[in-house]
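From first to last, the protein sequence lines stand for chains A and B. Every letter in the first sequence is one number past the one before it in my numbering, and letter 92, counting from 1, is 92. Here my numbering runs 1000 ahead of the position in the second sequence, where the first position is 1.
Heads up, some of the hints might be wrong.
Calculated lysine-lysine pairs in the BS3-like style (CA-CA distance at most 25 Å, straight line) [what the hints assert, rightly or not]:
no. : chain 1 : residue 1 : chain 2 : residue 2
1   : B       : K1057     : A       : K98
2   : B       : K1069     : A       : K98
3   : A       : K1        : B       : K1057
4   : B       : K1065     : B       : K1018
These are computed hints drawn from the structure, not numbers from a lab. Quick caveat, the model's predicted, so the values are computed rather than measured.
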Amino acid sequence: KNQVEQSPQSLIILEGKNCTLQCNYTVSPFSNLRWYKQDTGRGPVSLTIMTFSENTKSNGRYTATLDADTKQSSLHITASQLSDSASYICVVSGDTDKLIFGTGTRLQVFP
Amino acid sequence: EAQVTQNPRYLITVTGKKLTVTCSQNMNHEYMSWYRQDPGLGLRQIYYSMNVEVTDKGDVPEGYKVSRKEKRNFPLILESPSPNQTSLYFCASSLWPGENTGELFFGEGSRLTVL
C-alpha cells in the first residue's frame, strides 16, 4: 500500500535553532516528492518539489533532501524564525493521478 | 495574480440543506482537486478532475458531488450535508500533478460546520 509517514508528529524548538523533519514513503514507482508549509487555517504553500534524480533542493532557509534508494526525505530548517511555526506536509507522487499525503509535522517555534 | 479562489470561506449550515462550495482558478490548469482536512488525519482527497468533463473519486467521495463544466471552475456539492462533513475544505489546481513542474496550488480553505 502506498503510504507517506512523517515524523515527528509535533516539534517545539527555540527561535534561532535548526531542526529536521522526516518523511518516509512506500510509493512505487516514484515520480516526485513535495514539501508544503501550512499556516494554521490557511492553504498549504509549496516549498520544494524533488524528482528522482535530485538529492537536495533549497528554498531560502529550507533545504530538502531525498534518498530515493531508501525512500526517505528530510526537510531541514536553518536558523528558525517565529514565522516558521506551521505544519509541514510531505506529498509523494507516483505514476498515476494520485498524490499521497503525509499527516504532517506540526512545528512550533518559541522566542 | 495566480490564485485559487474558494467561496464561501466560512459556512454554518444545518443537516440536509444542500450547499455548494465554489472553486475557481485563473492559471489555466488542467487538474483540479478537492480535499478535506480533519485534525490528526491530514489532507484527504474527495474528488479530482483531470480536465473538463473528466472527474474521478478520491479517497473519501461519499456524500459529495462535483462537476467540471468549465476549465476554471470545480464546485463541490453537498446534496444533503451531515455533521460528519464538518471539516476544513481545500480546493487545489495544478498543470499536471505528476510532472516536475506540476506544483499544486491551494485555495485558502472553506471551513464548513454542519449542525
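Tested hints:
Of the supplied pair hints, the one linking B/K1057 and A/K98 holds, its CA atoms being roughly 11 Å apart against a limit of 25 Å. A distance of roughly 22 Å separates the Cα atoms of B/K1069 and A/K98; the hinted pair therefore holds under the 25 Å criterion. A distance of roughly 18 Å separates the Cα atoms of A/K1 and B/K1057; the hinted pair therefore holds under the 25 Å criterion. A hinted pair counts as satisfied when its Cα atoms are at most 25 Å apart, and B/K1065 with B/K1018 qualifies at roughly 11 Å.
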